[in-house]
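Using the sequences plus the hints, can you model the full thing?
Residue numbers (our numbering): 1 to 363.
If you're looking for bench data, these hints aren't it; they were derived computationally from the structure.
Accuracy of the hints is not assured; some may be wrong.
Computed Cβ-Cβ distance ranges for the label pairs, DEER-style [said to hold, decoys possible]:
(1) L261 to P105: 47 to 57 angstroms
(2) S104 to K214: 27 to 37 angstroms
(3) P222 to T348: 28 to 38 angstroms
(4) A163 to Q135: 32 to 42 angstroms
(5) Q102 to Q199: 55 to 65 angstroms
(6) D297 to S252: 28 to 38 angstroms
(7) N110 to K214: 38 to 48 angstroms
(8) S168 to Q117: 21 to 31 angstroms
Here are the simulated lysine to aspartate or glutamate pairs, EDC-like style, with alpha carbons at most 16 angstroms apart [said to hold, decoys possible]:
(9) K248 to E314
(10) K248 to D310
(11) K278 to E314
(12) K191 to E255
(13) K214 to E129
(14) K198 to D215
(15) K155 to E331
(16) K214 to E130
(17) K155 to E265
(18) K308 to E193
(19) K248 to D280
(20) K248 to E201
(21) K248 to D324
(22) K308 to D273
(23) K155 to D280
(24) K308 to E265
(25) K155 to D319
(26) K278 to D297
(27) K214 to E131
(28) K198 to E129
In this text, all values refer to a predicted model and were calculated from it rather than measured experimentally.
Glycine included, every Cβ here is placed at the ideal spot set by N, Cα and C.
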Amino acid sequence: MAGLSESCSHVGAVLFAIEAGVKMRETASCTTEKCKWLMPSHVKKIPAAPVAMIDFSSAKSKKQKLDDAIAGRTGEKHTFQRPTVQGSKLERGSERTPEMLQLSPTELQNACQDFRQEELTQPQVQAVEEETRNQSLSPIWFSQRAGRITASRLKQVLQTSLAQPSKSLIKSICYPEAHKFSTAATRYGCKYEATARKQYEGVQSLHHQDFSCKDSGLWLNPQWPYMGASPDGCVTCTCHGTGICEIKCPHSKQEEANLRLCAGEQGFCLVNDGGTVKLDRRHAYYYQVQAQLHVVDVDYCDFVVWTKNDLFVERIVRDVDLWDNIIPRVESFFRLCVLPEVLGQQLTRGKFQLQDDQEGEKA
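Given below as structure tokens:
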């Protein structure tokens, strides 16, 4: 029958019923649909894949697997914690567990982020330094450097990409003894370092009271246990206290009679800054010296450049602003790039080794 709107009310009722039905259909709960999965909120789409490629493990079991791997690591005596040098030797076997080697790249990265290093003690630091004073002639020197970012590598670490880091750099850090190299320049430097040091001592003795320079081993620091530094000597005098020295014998300048005239030459470490000759603050040697100063925890480093006819010495102090700026990136490189290789052989196991070999063949 017609109402005030001059239309049948049952027509309107039908239209309202249709509207309600449509709304109910669009808001149907998942329980009203057959075989509907309870999808996690973060999963938007599941691509098709062969059954062999699908991981049916639950999130709970994956987490348990990761927790077990981390627990296994933290329960062991960590290699960076050494009551004695013998007990502190960095053994690849003690660093890696079967659980770690089975982790996927993503799980391994998560484990590395959660990994916590115990603090070094001063007796441990002292023991390592004393037993490695022969440096490259000492097997312990190599084993203690393995997995640590050393001062001489600092500039390379800062220049490489965290997303696609240099594989050769990571391998040289993790396996230093296997990646030793010898060139005419390095052989020349080793041959004349003692001569340069003796001449340096003679010059400094004229200007400093009770000056002495002693052999230095590998230094570690509880604040940055993932780093190491091996200066060429530890120096002391009653007028300035304790410091270190770093000696360079450039093969390309071996007969140079005036190093100051070479300042600013392309590839050379010295520059002329307004009439003052000094180590280039952008050079890798400057970053090496800063790492040595902070890791050894001394106030100054004598940077020495020696030739058969000249000697240059600059006393360099800590650059705190530079260090505070770069150390977060250094730690990120250690956790993202070095630690995955130390704990899980991310580069050198399975398909990672195969890919690396293929790249080497192409090169």
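Taking the hints in turn, this is what the structure says about them:
no. : hint                             : verdict
1   : L261 to P105: 47 to 57 angstroms : holds, 52 angstroms
2   : S104 to K214: 27 to 37 angstroms : violated, 49 angstroms
3   : P222 to T348: 28 to 38 angstroms : holds, 29 angstroms
4   : A163 to Q135: 32 to 42 angstroms : holds, 34 angstroms
5   : Q102 to Q199: 55 to 65 angstroms : holds, 56 angstroms
6   : D297 to S252: 28 to 38 angstroms : holds, 33 angstroms
7   : N110 to K214: 38 to 48 angstroms : holds, 45 angstroms
8   : S168 to Q117: 21 to 31 angstroms : holds, 25 angstroms
9   : K248 to E314                     : holds, 12 angstroms
10  : K248 to D310                     : holds, 12 angstroms
11  : K278 to E314                     : holds, 7 angstroms
12  : K191 to E255                     : holds, 15 angstroms
13  : K214 to E129                     : holds, 12 angstroms
14  : K198 to D215                     : holds, 12 angstroms
15  : K155 to E331                     : holds, 14 angstroms
16  : K214 to E130                     : holds, 11 angstroms
17  : K155 to E265                     : violated, 20 angstroms
18  : K308 to E193                     : holds, 11 angstroms
19  : K248 to D280                     : holds, 14 angstroms
20  : K248 to E201                     : holds, 14 angstroms
21  : K248 to D324                     : violated, 26 angstroms
22  : K308 to D273                     : violated, 25 angstroms
23  : K155 to D280                     : holds, 13 angstroms
24  : K308 to E265                     : violated, 19 angstroms
25  : K155 to D319                     : holds, 15 angstroms
26  : K278 to D297                     : violated, 22 angstroms
27  : K214 to E131                     : holds, 14 angstroms
28  : K198 to E129                     : violated, 22 angstroms
The structure fails hints 2, 17, 21, 22, 24, 26, 28 (numbered hints given earlier, in ascending order).
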